[in-house]
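Chemist: Here the protein sequences line up with chains A and B, keeping their order.
Numbered per the working numbering, the first sequence spans residues 414 to 526.
Numbered per the working numbering, the second sequence spans residues 729 to 842.
Keep in mind the hints are simulated off the structure, nothing from the lab.
A portion of the hints provided could be inaccurate.
Within a straight-line C-alpha distance of at most 30 angstroms, the following computed BS3-like cross-link-like pairs (lysine-lysine) qualify [said to hold, decoys possible]:
(1) B:785 <-> A:469
(2) A:415 <-> A:469
(3) B:785 <-> A:415
This one's a predicted model, so the numbers in the text were calculated from it and none came from an experiment.
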Amino acid sequence: QKEVEQNSGPLSVPEGAIASLNCTYSDRGSQSFFWYRQYSGKSPELIMSIYSNGDKEDGRFTAQLNKASQYVSLLIRDSQPSDSATYLCAVNRGSGGYQKVTFGTGTKLQVIP
Amino acid sequence: NAGVTQTPKFQVLKTGQSMTLQCAQDMNHNSMYWYRQDPGMGLRLIYYSASEGTTDKGEVPNGYNVSRLNKREFSLRLESAAPSQTSVYFCASSLDTWGQETQYFGPGTRLLVL
Chain A
414 QKEVEQNSGP LSVPEGAIAS LNCTYSDRGS QSFFWYRQYS GKSPELIMSI YSNGDKEDGR
474 FTAQLNKASQ YVSLLIRDSQ PSDSATYLCA VNRGSGGYQK VTFGTGTKLQ VIP
Chain B
729 NAGVTQTPKF QVLKTGQSMT LQCAQDMNHN SMYWYRQDPG MGLRLIYYSA SEGTTDKGEV
789 PNGYNVSRLN KREFSLRLES AAPSQTSVYF CASSLDTWGQ ETQYFGPGTR LLVL
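With the hints as constraints, model all of the structure from the sequences given.
Modeler: Okay, structure coming up:
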């Protein structure tokens with residue numbers, strides 16, 4: 414089992430719809446969770462971080478964390494063509510000293526105008 | 729404020745050649761990282777430096793060496809390049825290595841080893 418798993422996609426949604434991206438992780442000790450967006454040929458950039466169970470909203474983006482089920486998701490409301498990118502889920506075991514961040518392979522999102 | 733910069737942007741090497749990838753950050757971050765990204769494999773950590781003067785191996789360190797030259801700069805060296813090292817290399821930095829720190833990435837170096 415991979416440490417961090419994502420569906421590679423592509424996930425296609427029409428403009429204005431909600432895009433739902435999912436990520437599961439294997440290490441129950443994980444405590445920090447990140448979503449990065451990566452445009453083709455570019456470097457990853459942080460979209461959201463979440464550390465406790467529940468929802469965290471930032472503009473059109475909502476991160477959801479369920480530690481009991483070991484999954485984290487990213488919802489993008491009112492999807493725009495500019496949201497078309499690969500979304501990387503990253504998981505960190507916790508705080509204190511160096512804690513390895515493990516990245517998933519990413520889900521490619523296509524927003525159709 | 730340039731963030732994280734990397735040089736070169738592109739490089740073609742022949743098998744057995746050596747080269748050094750340069751990385752610098754101007755955010756006064758303590759921690760720096762080198763990743764490689766391959767199709768279907770995601771980002772894999774090669775080496776990291778938790779603070780100036782320290783370096784440690786990551787997930788895939790074989791065939792690479794690093795130097796944390798000072799707080800700003802962290803270089804990655806390929807002593808004898810192999811085709812398996814064809815990849816996109818990203819340098820990143822964070823304030824510290826504590827669990828909640830955001831990593832900021834450089835623009836990447838695309839390396840082709842023939």
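Chemist: The structure should be examined with respect to each hint, and the outcome stated for every one.
Modeler: Against the structure, the hints come out as follows:
no., hint, in the structure
1, B:785 <-> A:469, "33 angstroms, violated"
2, A:415 <-> A:469, "26 angstroms, holds"
3, B:785 <-> A:415, "20 angstroms, holds"
Figure legend: structure checked against the earlier numbered hints; the only hint not met is number 1.
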